[in-house]
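Trainee: First to last, the protein sequences are chains A and B.
If you use my numbering, the first sequence closes out at 453, no skipped numbers anywhere.
If you use my numbering, the second sequence closes out at 167, no skipped numbers anywhere.
Simulated from the structure, these hints should not be mistaken for laboratory data.
Only true hints are included.
Below 30 Å or equal to it, Euclidean Cα-Cα: the simulated DSBU-like pairs (lysine-lysine) are:
| hint | chain 1 | residue 1 | chain 2 | residue 2 |
| --- | --- | --- | --- | --- |
| 1 | B | K103 | A | K441 |
| 2 | A | K78 | B | K53 |
| 3 | B | K24 | A | K78 |
| 4 | B | K53 | A | K188 |
| 5 | B | K24 | A | K195 |
| 6 | A | K308 | A | K429 |
| 7 | B | K144 | A | K295 |
| 8 | A | K188 | B | K74 |
| 9 | B | K144 | A | K441 |
Just the calculated beta-carbon pair ranges, DEER-fashion:
| hint | chain 1 | residue 1 | chain 2 | residue 2 | range |
| --- | --- | --- | --- | --- | --- |
| 10 | A | G409 | B | E143 | 37 to 45 Å |
| 11 | B | D115 | A | D22 | 37 to 45 Å |
| 12 | A | L279 | B | N5 | 51 to 59 Å |
| 13 | B | E63 | A | S76 | 25 to 33 Å |
| 14 | B | Q57 | A | G409 | 34 to 42 Å |
| 15 | A | N149 | B | D115 | 51 to 59 Å |
| 16 | A | L279 | B | D15 | 49 to 57 Å |
| 17 | A | N29 | B | A147 | 37 to 45 Å |
| 18 | B | D15 | A | S76 | 30 to 38 Å |
| 19 | A | G390 | B | D115 | 29 to 37 Å |
| 20 | A | E16 | B | S43 | 44 to 52 Å |
| 21 | A | N149 | B | E143 | 34 to 42 Å |
| 22 | A | G390 | B | N5 | 46 to 54 Å |
Just a sample of chain A residues kept apart from chain B, beta carbon distances all over 12 Å, derived:
| hint | residue |
| --- | --- |
| 23 | T20 |
| 24 | A24 |
| 25 | D226 |
| 26 | N272 |
| 27 | P280 |
| 28 | C370 |
| 29 | K401 |
The beta-carbon is built from N, C-alpha and C at its ideal position, and this holds for glycine as well.
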Amino acid sequence: MPAPQERRIIFRHIDEAGYTPDLACYVRNGGYGVLRKAVSRKPEELVDEVKKSGLRGRGGAGFPAGMKFSFVDRKSGKPVYLIVNADESEPGTFKDRHIIHQDPHQLIEGTMIACFANRVECAYIYIRGEFPEGARILERAIAEARAANFVGPNILGSGYGCEIYVHRGAGAYICGEETGLIESLEGKRPYPRIKPPYFPAVLGLYQCPTIVNNVETLCHVKHIADMGGEAYSRIGTPNNTGTRILCVSGHVRRPGYYEFEVGRVTMGQLLNEVCGGPLPGRTFKAVIPGGSSAKVLRFGERYKGKRKVGADMVEYDWGVEDIPMDFDSLAMIGSMGGSGGVIVMDDSVSMVEALANINAFYSHESCGQCTPCREGSLWMKRITARMVRGEARPEDGALLKSVADQIAGRTICAFGEACAWPTQSFIAKFGDEFRGYAEAKKARGSGGAPELV
Amino acid sequence: MRPVNLRPETLRGIDEVITHYPQKRSAALPLLHLVQEDQGYISGEATEWIAKKLGLQPINIHELVTFYPMFRQKPIGRRHIRVCRTLSCAIMGGYGACAEFQKQFSTGLGGVSPDGEVTIEFVECLASCGTAPVVMIDDVLHEKVDAARARELSQGIKAESGRKAAS
Chain A
1 MPAPQERRII FRHIDEAGYT PDLACYVRNG GYGVLRKAVS RKPEELVDEV
51 KKSGLRGRGG AGFPAGMKFS FVDRKSGKPV YLIVNADESE PGTFKDRHII
101 HQDPHQLIEG TMIACFANRV ECAYIYIRGE FPEGARILER AIAEARAANF
151 VGPNILGSGY GCEIYVHRGA GAYICGEETG LIESLEGKRP YPRIKPPYFP
201 AVLGLYQCPT IVNNVETLCH VKHIADMGGE AYSRIGTPNN TGTRILCVSG
251 HVRRPGYYEF EVGRVTMGQL LNEVCGGPLP GRTFKAVIPG GSSAKVLRFG
301 ERYKGKRKVG ADMVEYDWGV EDIPMDFDSL AMIGSMGGSG GVIVMDDSVS
351 MVEALANINA FYSHESCGQC TPCREGSLWM KRITARMVRG EARPEDGALL
401 KSVADQIAGR TICAFGEACA WPTQSFIAKF GDEFRGYAEA KKARGSGGAP
451 ELV
Chain B
1 MRPVNLRPET LRGIDEVITH YPQKRSAALP LLHLVQEDQG YISGEATEWI
51 AKKLGLQPIN IHELVTFYPM FRQKPIGRRH IRVCRTLSCA IMGGYGACAE
101 FQKQFSTGLG GVSPDGEVTI EFVECLASCG TAPVVMIDDV LHEKVDAARA
151 RELSQGIKAE SGRKAAS
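With the rest of the complex left out, here is chain A (with noise of 0.2 Å):
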């Protein structure tokens, strides 16, 4: 059941019963009569749609959609592609997941009403290697769309063809980064391109124009071809348009996903009353607010600054309940929307131990090829896995910080600052638990805190 502060869209049949992932159940409900009418369109209204619509990617950098279809270079004669990114990898994300499962049909429609809008005749879903249910699923949904017209050769006697392929990845985050995305598609590992030159919408997959985008947002596409870039730029906030869905994990009493307009729901109402609020007899701690790469917000910090409010600056105070959960207010206050994935973590957590488990994973994923990252990225981990042990030093914080420091603005790709900014903000969160960790953890004992390392 939907809470009541949600409004979906994109999750309008998620989890609802009778609702089967095929593609009768998709028609039932009205599905591909916006693909019908967009083949009857210009391309370009449509890629106009989305501009006006405002929809910012939902994959984690909330970048225009619309403006990244018009970087797309068709001037150089070469095919365009378009990737569908369903590698969701960042910790803490899981609404793909259920899209692909439970309403394929959707992303198909969505992603053919983009290839018809940006005149691409090839598209490939990069699935990761570690959702095989859901790649049969696509697998099963696009052969039946194929066969229904709606997909492959002059759809719907359009004169207009497109094939989508499945493409499985094979358990490797770094894939979720775009142009690591594309060389993982060409067959090679994963490393990212230099941006410039290889921006994917000029020199993307076999060095032709490629758009990239998150599967939520290709749903948005559907949604806008439908009602409309000014209807959909009517829903949310300003700047801030549309629906999105946030997954929320990590102690509440009820984790889970949400479709809310965007900025419409505080992180205090999204916790307490969607959530259910903290596990009985536990107070909340700690909260990552867009994935595990985004800065963590301490409970009990405020923000303080001025932020436009129509033509007005007006002044803020916000305690983390305040905090609207959209891509402005969250950068604002120094952290950011990313995936959406809202981590919570309550008193029994130790820092300095999340810490640590979140260290092991981008160690883990780094690509290898800067070597900031590479090795900062061991560094950190390293340095809090000791500490775990029982061997922490006071000065460990600043020695953490200082790897950290090193790392983002020195890389290739984005990974760079998604490693360094939990340790940055832990340290500057948290930076007393991580001088007072080996007492307190000495005064803990064994036992009265997850295991996380």
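Given the structure of chain A, go ahead and fit chain B onto it with the hints provided.
Mentor: Just chain B now, kept in the frame of chain A:
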């Protein structure tokens, strides 16, 4: 080069998937998946065979096998237990579940259990954080796997192999 005995349906899948791409090299990952599903792991012979099939050097395939965590160069147990290690699962008890699986099969991480039944691995985020801790057994995701549930799942695997041995 020794022959790689792939099943006819695997060979058909391989020939089909190569047509999905304008450049054959793109089929490297799909071929590795198909061969691993057929043979359980990627042998040196299989690496050479795939390279030849795609007009590449063996190193072009080997470097993928060594990079991507899902490919392996050795056989594993009959069932593959992958426990999510990452933050949301860990704070909900993933380490406890993993320890229970290891205890049930008297084995450590990565190897094959003495009875040949399972290989247990810790893997990074499986993208089902809302129902943590999660575990994948072969291709199937299991949610909210605490130590008690890990014990149940282990007993299910053992009972099934007992039935197999009896029949």
